[in-house]
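Protein chains in written order, with UniProt numbering: chain A, 1 to 275; chain B, 1 to 986; chain C, 1 to 174.
Some hints here could point you the wrong way.
Which chain B residues face chain C? A few, computed with CB under 10 Å, are given here [what the hints assert, rightly or not]: (1) R15; (2) G26; (3) G247; (4) G510; (5) D535; (6) D537; (7) M692; (8) G706; (9) L731; (10) T733; (11) R888.
Note that these hints are calculated values from the structure, not bench results.
Ideal Cβ placement from N, Cα and C applies to all residues, glycine included.
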Amino acid sequence: MKPAAFDYIRAGDLSEALDALARHGSDARIIAGGQSLLPMLNMRLAKPTVLIDVMAIPGLDKVRRAGDAIIVPAGVRQAALMRRPELSAEQPLLAAALPWLGHYQTRARGTVCGSAAHADPSAEIPLCLVALDGEIRLRSRRKSRTVKAGDFFAGMMVTDKADDELIEAVVFPVARPGTGHAFKEVARRHGDFAIVGCAAVVTADAIHLAVAGVADKPERRSFPLLDGSALSDALNAFAWDLDARDDFHATARLRRDLVRSLGRDTIAEALSCRA
Amino acid sequence: MRPETISWTGQSVERVEDAALLTGRGRFIDDLGVRPGTLHAAILRSPHAHADILSIDSTAAAAMPGVAAIVTGRDLARLTTPMVAGLKVAVENWPMAVERVRYVGEPVAIVVAQDRYLAEDALDAIEIEYAPRPCVVDPLASLGADAPVLHDKAGANLVSDRCFRYGEPEAAFAQAAHRLEVSIAYPRNTGAPMETFGVVADYDPHEDAYEILANFQGPFSIHAVMARCLKVPGNRLRLRMPPDSGGSFGVKQGVAPYAVLIGVAARLARAPVKWIEDRLEHLSAAVAATNRVTTLKAAVTSEGRITALDWDQVEDCGAYPRAPEPATLYRMHGNMTGAYDIANLAIRNRVVLTNKAPTGLVRGFGGPQVYYALERLMQRIAVTLGLDPLAVIRANLIQRGQFPYRTASGALYDSGDYAKAIDLAVADGRLAELERRRNEARAAGRRYGIGFAAAVEPSVSNMGYITSVLTAAERQKAGPKNGAQATATVSLDPVGSVSVHVASVPQGQGHRTVLAQVVADVFGLSREAISVVVDLDTGKDAWSIASGNYSSRFAAAVAGTAHLAATRLRDKLAAIAASQLDVAPAQIGFAGGAVFATGDATKTLPFGRVAALSHWSPALLPDGVDQAIRETAFWTPPELAAPTEDDQVNSSLCHGFIFDMAGVEVDVDTGKVRIDRYVTMHDCGRVLHPGMVEGQIRGGFAQALGATFYEELAYAYDGAFLTGTFADYLLPTATETPDIAILHIETPSPFTPLGAKGVGEGNCMSTPVCLANAVADAIGVAELDLPLTPARIAALVAAAEPARPASDGGRAAELGAARPGDRTLRGEGQAKVAATPEAIWAMLLDAEQLASIIPGCHGVRKLSETHFKADVTLGVGPVKGRYKAEIRLSDLDGPKAATLTGSVSGALGTGGGSGRVILSAGEDGLTVISYSYEAAVGGKVAAIGGRLLDGAAKAIIAQFFAALARKAAPAGARTGFFARLLGRRG
Amino acid sequence: MPRLSATARHRVAFTLNGRPVSLEAEPRLLATDALRHGLGATGTHVGCEHGVCGACTIQIDGAPARACLTLAVQLEGRDVRTVEGLSPAADRLSVMQAAFRRHHALQCGFCTAGILISLDAFLREQPHPTEDELREVVGGHLCRCTGYTPIIRAALEAAAQLLDAPPLPEPAHV
């Protein structure tokens, strides 16, 4: 299990990375933390001819706060975001979700943007981005653009990112006062990809529930402040709407059941911690 | 001052092995240096479950940088013979496919190159043309008259069918108040040691001799199989084992076929060749435990006393009955009545072959399959008759006074006090508290259950048990087989220091520590004074067929044999010392590094002086002592006789006892099980090292926990292997593995030199069924198969599902729900294209147009009007591969409908599928294309990227129709078109 | 912009257990192979090559990393620590290593290096770990021999000793 051969470019600044992307397009892959890419290289599922390492680019490893936005550039490792002292106040959903992401060891290397780029439908970072209506900042030689998370994730490992674009940063909104957040997931083992992950954001007049692991990308629905059977009906509709599939780790039925039960628990917790 | 004897045996001393392992100085096979010029092998493996190999084109691969040789099945067949099997059937057991592949992962070719990276590059360039055959993965289906036959010469997949009868089972069933039965489909799992297989081989053409280093674990009866396969006498296969081995759990027995393969590769490459198996190879093709379908019937009195058992076992050995199989089925043959006194017994044992990887030794070795059925049956008897489960167990136990106890099928249970062990476990394990917790949980509406399991743990296998698969007449013809030859050597060097060597090749069991303890006690030395070497070289060390580290034989057999060798040497030293000190040998004592005459403090000699005497002053040896330099002891217990005329066999020497109980709580929402408390009571005879015994129990428990909830080597109905990575074959981690309570009683074995019995495998036998019984108690179900996944448990407890809302389009059949193991990808969708149906129809039939529509197409060759071949690059996200594709059009109803059938094959695997496309004219000059498809994917991508497949199929089909739309109406593409094309259900 | 060609070997220099080292590596060479076969540091083991088992865990600039998911060229200029660098002297064990030996927290020893490296990194971040935290850290490793509990006991005891606190009482059965 050894990778096929590739050239390796250690980009010294963003411009170098964008030049290389523009030149090599789909033959190139960005490497940041490498926690998703390297397994695919070792198994030869992916055989890019050029790897562009962005971790030496100055400034990409610092989380920035700009008004109501938490800006997480491409070089920020998951562990670094998790250790941010103000994170639980700034964005409690993210603080709650990050410990579920892989393991201590993989978080120490894996980046936040890398997880977004990988677009695994069970993953926590894409789920939080979708739940919070976050944004992805894309940059290429041609242009810079910002895409809403809901439009960015297109399917299993498929995103709206063009071959010559890189994710410069992902942006999470700062939690608004009076908003409740909760995150729950069920996996076969701790640290595994979620069978179902739920992220709830409850405001004064709406419930937003995002679900990972069921459809081929994280999906979000918004309801008024329902409860009782009305909420059950809404969750049931959501569960069916996601078109769950059987796979080796769980059945479609269990996934729908979890959207209904775990979804309800997550919403309840978000309601209870609405400040 | 008189020296005191220090007793090391029985103490939890720190292990001598650990300092090196903790500081990175272990010597595992891949840590050892190799000769300069050593080449590296990589193995190409079959993506098909069953197919003929039509051609292998390695021209391009052979020309690649650094490639030294490419070995195929034909080369192998030229230089070797098929491996001998335990069964007398017309099956050729090749270690690599010859002409035909029979399981996914079967070796097909070996590339030998300067390094592993270059070897893997060349693998990708070997082109193999396969003609797939129908396959069979289910053992019962494999028995069917219409099942595809794996080995034509054998004529059928049923390769052994034996019936056994002990006592009067028919009469007992006829007279029984109750007849109960359980049916079990036991899944495949494996030991998954953290270190994979490794082999370094060299060949001397002048001596026609192989020298092979491998992390093999025995039994060394397999050495004979390897030598014969390589067509050399045993003394021309020098097999060496490295000092350290990273776990085995039985599995490293399975390195044997690779020792042959790499030996042949070295011969053809004319250089030493090294191969380290990777994890994907290991999970797909190393060694699986057998999956087994069992029906177990019991004749039972109204009080729950079992008067007879009737077993029907269908054992699935995969594609080849590889030696020592079908040993998994017969290892327990003497123990089929478990811990119970049952005189009447019927057994039918069938062995079938299926298109799955061959099976072999895995910790527990046949025990998990047997006890899962037997102890589930015990619980079912209690539930059905309204009895207390523990009372049913107690009512049937073999009683203390019955030992040594001969079971119906011939095992001789050495010692035990099962009732007392259970009483102690119930008291010290606080069953009453578990029952209180169950009552409280149930009162609160939670699902809490308690499970029990009693198991007899056999150890020290009788090398003759496997011959029970043959009839008495066949056994007579072949010559009786029996015994369990163990060997140990103790030697004294010219300064009188003591070295020990055993033929046991440990994989982490601390043999060096325990042997030092045992031998130190014999000589009255400190344990640090004893040096123990455990790496083995068949070219110069003492060994026999039973050598190796399996069937939990170390403490009972090997340590005892070392004790025997040391005692012989000590007795000689006593004679020497007696003559030096002028006393009687019986007066001589050994303690504190001195040899002395008991009762006379003036008569004492340093141990080293006596021990060195044979080297320096043989003239001083007393009469009757030839030398006291080296003693090699061989030991085999007389109790291990060959099977009798009437098929009774004492399949193992020692029989430990385990009683487990567990309290669990099932979460009905998630289907997950929380272990509230687990108690395991063991009687493994005399304990030589309590810390290591605890380690064996905890490790066995953790593996059993995996078998219970997480682990399965899973295959799709079409033979695709689904669990090729540690992301799909799930081992329990520290967050899943609870602490357990361990209890002991000791009834020493009268049959072993030290009174010890094996303890390494018991929890693999008792724990899965104990936990399953607890889960069954919690949720009130009768049938329960492993692994107990959340989906499986949730399905058992789930209420009716809330209906799909009526507004959801009223889709008729739910997609993706099919028979278990069905990995068929299904989908349907719709696209609107701004062109007429006729225009689209013309495109579908035009090779050049198709070439521009098919995603990643590098050109289409038209073989006929409806048959095309193409080279395509397919992928989703970063996952990309190049494939050869074949497309056929059929059921043409132009310009309205057509069926497209396609297949692809490439380095990442194979795929095939078909789809029906229906064109209908819509509004505004648009054509509506409706399509539905079914596809299946096999090979590497199914084994490692299962989660990807649905998405990949969707994406590729979407790409196809997007391209079709663009091509048909280049100006018609609009914003959102692609999204609509993808479709919610695409 | 440094561009390393796929087909050539390139000099990679970094610090390994406090000493400067270098080797020649193609871009695709995995850090596991570079350490083990390039530099002879065979204490780091390879168990899965897809980042799950944790046997190959090393420290890069003090943080844990799966060496099988790291390219040798990514080590350029870094401070790398492996199991060979954990003990205070060639003939001594570290506090954690000694605790592992006392508690029989290893059997075959193949996974052990990675676990020691993770615990070493984690205890620097969190010198007062709870059992749950340690289970989560060790949860990033697969051990097939021990059933994990002895590892957790050893880690708890070593953490306490490292704080100069008295060792925990011997755990009782049941």
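Discussion item. Name the hints, by number, that the structure is in violation of.
Written reply: 5, 6, 11
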